[in-house]
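*Asks:* So the chains spell out like this:
Number of protein chains: 4
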Amino acid sequence: MNAEEKYFNNITNRERAIFEGAITMGALFHQFVGTPVNIDSVESLEKAIEAAMSVQPCVFRVEVVIDRKKLEEISNEFDYVSLTGEMLDVKVTTVCSDKQALIRLKFVSELNYPLMYVEDVD
Amino acid sequence: MNAEEKYFNNITNRERAIFEGAITMGALFHQFVGTPVNIDSVESLEKAIEAAMSVQPCVFRVEVVIDRKKLEEISNEFDYVSLTGEMLDVKVTTVCSDKQALIRLKFVSELNYPLMYVEDVD
Amino acid sequence: MNAEEKYFNNITNRERAIFEGAITMGALFHQFVGTPVNIDSVESLEKAIEAAMSVQPCVFRVEVVIDRKKLEEISNEFDYVSLTGEMLDVKVTTVCSDKQALIRLKFVSELNYPLMYVEDVD
Amino acid sequence: MNAEEKYFNNITNRERAIFEGAITMGALFHQFVGTPVNIDSVESLEKAIEAAMSVQPCVFRVEVVIDRKKLEEISNEFDYVSLTGEMLDVKVTTVCSDKQALIRLKFVSELNYPLMYVEDVD
Numbered sequence: 008m009n010a011e012e013k014y015f016n017n018i019t020n021r022e023r024a025i026f027e028g029a030i031t032m033g034a035l036f037h038q039f040v041g042t043p044v045n046i047d048s049v050e051s052l053e054k055a056i057e058a059a060m061s062v063q064p065c066v067f068r069v070e071v072v073i074d075r076k077k078l079e080e081i082s083n084e085f086d087y088v089s090l091t092g093e094m095l096d097v098k099v100t101t102v103c104s105d106k107q108a109l110i111r112l113k114f115v116s117e118l119n120y121p122l123m124y125v126e127d128v129d
Numbered sequence: 008m009n010a011e012e013k014y015f016n017n018i019t020n021r022e023r024a025i026f027e028g029a030i031t032m033g034a035l036f037h038q039f040v041g042t043p044v045n046i047d048s049v050e051s052l053e054k055a056i057e058a059a060m061s062v063q064p065c066v067f068r069v070e071v072v073i074d075r076k077k078l079e080e081i082s083n084e085f086d087y088v089s090l091t092g093e094m095l096d097v098k099v100t101t102v103c104s105d106k107q108a109l110i111r112l113k114f115v116s117e118l119n120y121p122l123m124y125v126e127d128v129d
Numbered sequence: 008m009n010a011e012e013k014y015f016n017n018i019t020n021r022e023r024a025i026f027e028g029a030i031t032m033g034a035l036f037h038q039f040v041g042t043p044v045n046i047d048s049v050e051s052l053e054k055a056i057e058a059a060m061s062v063q064p065c066v067f068r069v070e071v072v073i074d075r076k077k078l079e080e081i082s083n084e085f086d087y088v089s090l091t092g093e094m095l096d097v098k099v100t101t102v103c104s105d106k107q108a109l110i111r112l113k114f115v116s117e118l119n120y121p122l123m124y125v126e127d128v129d
Numbered sequence: 008m009n010a011e012e013k014y015f016n017n018i019t020n021r022e023r024a025i026f027e028g029a030i031t032m033g034a035l036f037h038q039f040v041g042t043p044v045n046i047d048s049v050e051s052l053e054k055a056i057e058a059a060m061s062v063q064p065c066v067f068r069v070e071v072v073i074d075r076k077k078l079e080e081i082s083n084e085f086d087y088v089s090l091t092g093e094m095l096d097v098k099v100t101t102v103c104s105d106k107q108a109l110i111r112l113k114f115v116s117e118l119n120y121p122l123m124y125v126e127d128v129d
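These protein sequence lines map, in sequence, to chains A, B, C and D.
Going by this note's numbering, the first sequence opens with residue 8, and the numbers climb by one from there.
Going by this note's numbering, the second sequence opens with residue 8, and the numbers climb by one from there.
Going by this note's numbering, the third sequence opens with residue 8, and the numbers climb by one from there.
Going by this note's numbering, the fourth sequence opens with residue 8, and the numbers climb by one from there.
Don't read these hints as lab results, they were simulated from the structure.
Errors might be hidden in some of the hints.
Identical copies carry no separate label here, and so any pair may be met within one copy or between two of them.
[Stated by the list, open to error] DMTMM-like, lysine to aspartate or glutamate: derived pairs with alpha carbons at most 25 Å apart:
| hint | residue 1 | residue 2 |
| --- | --- | --- |
| 1 | K76 | E93 |
| 2 | K76 | D86 |
| 3 | K98 | D129 |
| 4 | K113 | E12 |
| 5 | K54 | D74 |
| 6 | K76 | D105 |
| 7 | K13 | E93 |
| 8 | K98 | E53 |
| 9 | K98 | E117 |
| 10 | K13 | E70 |
| 11 | K113 | D127 |
| 12 | K113 | D96 |
| 13 | K77 | E11 |
| 14 | K113 | E70 |
Extracted from the complex, chain A is given alone in its bound form (with noise of 0.2 Å):
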């Protein structure tokens, strides 16, 4: 066992793919809310987003989309705003061993709230 390893014998593999993605998904709405976007810097974002969330452990994949509707609606003569969760749209897939997860957020209009779930885990 290395030195990192003790640390999450307590947990399964199952769960330990469930809380790197999640704290994937808190560390990712929480350092980017607030930078500011519009239309045309959008994509360097997204793709940032996704290098940089990507080093965590066990993360494998992510996939942040940033809603362009919400974008050209923008209605001030500034020509931007600030990045808030219910324009994101992310995908976070960790594995652990035999295990996967799929972490998602996304807005959910029912609960008036942007939502992260296990979307999907072995």
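Based on the hints, put chains B, C and D in the right spot on chain A.
*Replies:* Just chains B, C and D, lined up with the frame of chain A:
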């Protein structure tokens, strides 16, 4: 089942306690790292982080300790530093129905890394 | 002249008061936007933001008011929101030698934008 | 005079160039410090920071260099670090009518501090 619960019926209460604690820990780290802090403002920052992160789903208690020794060692004429993960010792306790989890963030010397892990779980 | 001053000998005291206040305002906005907040945690957050940002160079006073009305209007079952620029009214007072500046952040309806501007300067 | 201009008629164009550059620098620092980064993701992060901060008022160009040497020195098994101010070298060029300012952030060894200052202004 309420609107929220249907998003979580694929995981156990124990797993949700872990999930929500992990989100809160990732969020806390990435929201507050970078905040200017010194010996005079440190207690107010600890209390505000605890209060802010306690509003998240399933979070029962948040305890934040920022390393005073690091603040006293500041060796520049500006008399403050930016908060880093290395300065943080955090405990997040979550409750999901009959299950409880304690998520911990602390700097682990042998890993040279501010590690997030599940310290205790039912 | 100390080590710091030589970096600022190309601008006036009035300009440095404006410069440092503007840094602090930009920093404040992007550090704290996204923080979870509700009616119970709002005062502690205001005080911590004031204490944190007051440690920056030349900053004499920071006053933060978060719009309670927006917090009371929350219409989701999670009972908190992420702090946005629209909810903030902030005054940063800077002093540089004999000059003082008051930098303001407030939501300006006619611009539909949380504007930062110099409200008063010697 | 448009709606925005009336908020800035108490300062000169030179002062506004300084003001907007300083906001952008403070914003950049506190938005992105804490972001996970390693040698593979660093270029994408630099480009996204440049694109994001270029949308702010009066900002003409943003150039971001993250210190590769610091990334190569990483000595933990997780193979990434959190971005710190010490790793950043940033130039923000602002234009306000006939005036231009260059705001710089770089780590100054003699101050042991990541200093923001006005490197050049008309």
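*Asks:* Which holds for K113 with D127 at a C-alpha limit of 25 Å: within a copy, between copies, both or neither?
*Replies:* within (14 Å within a copy, 29 Å between copies)
*Asks:* I want to check one pair: K13 and E70. Are their C-alpha atoms no more than 25 Å apart within a copy, between two copies, both, or neither?
*Replies:* between (30 Å within a copy, 23 Å between copies)
*Asks:* Within a copy, between copies, both or neither: where do K76 and D105 come within 25 Å Cα-Cα?
*Replies:* neither (39 Å within a copy, 35 Å between copies)
*Asks:* How would you classify K98 and D129 at a CA-CA limit of 25 Å: within, between, both, or neither?
*Replies:* within (16 Å within a copy, 28 Å between copies)
*Asks:* Given a CA cutoff of 25 Å, do K13 and E93 count as a within-copy pair, a between-copy pair, both, or neither?
*Replies:* between (38 Å within a copy, 20 Å between copies)
*Asks:* 25 Å Cα cut-off: does K54 pair with D74 within a copy, between copies, both or neither?
*Replies:* Classified as both; 14 Å inside a copy, 20 Å across copies.
*Asks:* One pair to classify: K77 and E11, alpha carbons no more than 25 Å apart. Within, between, both, or neither?
*Replies:* Between copies, since 23 Å is at most 25 Å while 42 Å is not.
*Asks:* Please sort K76 with E93 into within, between, both or neither, judging by C-alpha distance up to 25 Å.
*Replies:* Both: 12 Å inside a copy, 20 Å across copies.
*Asks:* For the identical chains here, do K98 and E53 meet the 25 Å Cα criterion within one copy, between copies, both, or neither?
*Replies:* This pair counts as both: shortest intra-copy Cα distance 12 Å, inter-copy 23 Å.
*Asks:* Within, between, both or neither: how does the pair K113, E70 come out at a Cα-Cα threshold of 25 Å?
*Replies:* Intra 12 Å, inter 29 Å, cutoff 25 Å: intra-copy only.
*Asks:* Check K113 against E12 for me: Cα-Cα at most 25 Å, and say if that holds within a copy, between copies, both or neither.
*Replies:* For K113 and E12, the Cα distance is within 25 Å only across copies (15 Å; inside one copy 32 Å).
*Asks:* When no copy is named, should K76 and D86 be tagged within, between, both, or neither for a Cα gap of at most 25 Å?
*Replies:* within (14 Å within a copy, 27 Å between copies)
Of the numbered hints stated above, the single one contradicted by the structure is hint 6.
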